[in-house]
Amino acid sequence: MSRVLLCQRDELAPGQLKKVEQAEGDAICVYNLGGTFYATTDMCTHATASLAEGDLEDDLITCPVHWGQFHIPTGQAVTFPCERHLRTYKIIVTDREVFADVALEADEALAAAQSPV
Amino acid sequence: MDNNKHIPLRTIESTPALGNLDRICDMEEGRLSGKVFWDQAIYEQELEKIFARCWLFVAHESQLPKFGDYLTTSMGEDEVLVVRQKDASLKVFLNACPHRGNKVCFAEAGNARGFICNYHGWSFGADGGRLMGMHESKCYEESHFDKSKHGLREARVATYKGLVFATFAADAPSLEEYLGPMTWYLDVMLDMDEGGSEFLGGCIRSTIECNWKIAAENFVGDILHGGWTHDSAAKAMLGGPVANVGELPESYSVNWNGHGYEFATDVVGNAATLGERDINKYLHVLRPKVAERLGEFRSKLIGAISSFTVFPNFSFLPGQNTVRIWQPRGPHKIELFTWVIVNKNAPQDIKDKWRRGAMMTFSPTGVFEMDDGENWEYCTKTAKGVVTRYQDLYVGLGMHTRLDDSELPGNVFKGQLNECNARAFYQRWKDLLQAPTWADVPDRNGKLR
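Residue numbers (the working numbering), protein chains in the order written: chain A, 1 to 117; chain B, 1001 to 1449.
The hints are simulated quantities; they were obtained by calculation from the structure and are not laboratory data.
One or more hints might be untrue.
Unchecked claim - Derived pair list, reagent style DSBU-like, types lysine-lysine, alpha-carbon separation capped at 30 Å:
| id | chain 1 | residue 1 | chain 2 | residue 2 |
| --- | --- | --- | --- | --- |
| 1 | A | K18 | B | K1103 |
| 2 | A | K19 | B | K1353 |
| 3 | B | K1086 | A | K18 |
| 4 | A | K19 | B | K1086 |
| 5 | B | K1300 | B | K1333 |
| 6 | B | K1353 | A | K18 |
| 7 | B | K1147 | A | K19 |
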């Protein structure tokens, strides 16, 4: 089973985010964007920095160190110096809890990867 | 006091004092060698023993309302950042990366998350100036680099009624002690109205090829030059002949710790030179309220013929409302930063008129600034000649005019046509150049002539 618990549904209000350490594998950052949950790796793809310490504005996360930005739903790097995309995780929401399936990417990331643009 | 508790900074020791200062600057006799305006060795001592030790003006609080707001200025030749913090306090950092020393911010002012060095991507947070990370950070981590032990060098910061001052000297006295009773006079400009003061947006930056002390000394207590140097400009602005300052019924020079203020009690003498009648009217209408707030005496000073220098290089003119720093740029050049200060609660059209009036008079093309610039440049440049430089200048006007029974705060002297404030300024200058630490700086208050 590749499912890991990220948080309780009522733990993160819209506009909030949180770093979740993993016993094995990379730490995950979970975001509540207007009631919808997303998850990416927490480490910036440029240098060592925790994105959970960055600023969340709309659906962009800004790294606290060099202010590079990623589009959270797709994990895409959108602002210098970030050029490599973030790994995303598929979210599974139950009645009370939010999980990530660490074997799968988010649907938005898959759709973006197949998009011709 | 350690300003950077989290950062174990290593700095080199300061150099010994020059040996012949008592001959170069003799304020008992009112004599000063022109060498002080030209000599590179003296200038290096000034940077170290005055600008790196004194409380220096860096900003007005109104320039930095929100978290992340910053401006760049300099403390002597040290470039600094003034930054509004998350907790609403202000911090002052060296604008220099502690890795290779490159400047970390090139803008004059703005709002930022932090400051990233262009050279190797060392990144510093706006909140606290701590090192957040850098480009290729993994290889630093592999060599056990502890980023929590690095950050932007921080100065001590203190404010007085909107004015923000900073110092790099851990042993400097408090700002309150540094300013002493001069705050009673600063209140005339900063606290005449219940809303306090603010800077109008924008800073004029210009250069004059003169020594910084000539400019600072002019504002510390030289209205003597006004009627002569500025005769034609004043007549043009006022539309008629100008009163002789020496004939004004009541005027004073006051000083403390090298700061000085010379003033008449004519309410609007300075303000009138802006050629904006509505400003005179505004001050006359405001005056009874100022009298309730600050007393009758100080209400007569709100726009009077007067000038003020806070040692070493922060000056302003009440009435004309021009505020400036004379930034030293070598012994023979200053960079002049100028702002316009107004009462926060003044009507917008009055603020606009003050901005316009200040531009007409005290900007690079202002009628008074041009007069002064020419004189100050040649007071500096004549000292290029050694015979000229080694000759004593006379700073003795007003010896023996001290008013020992005055109830006014500070060291009070009779009349504003008086070089007592210049003597106090140069005495403080010499005392600082000779003192190895702040504890060695003598207290001259009550003893100056």
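Violated constraints from the hint list, given by number and in increasing order: 1, 2, 5 and 6
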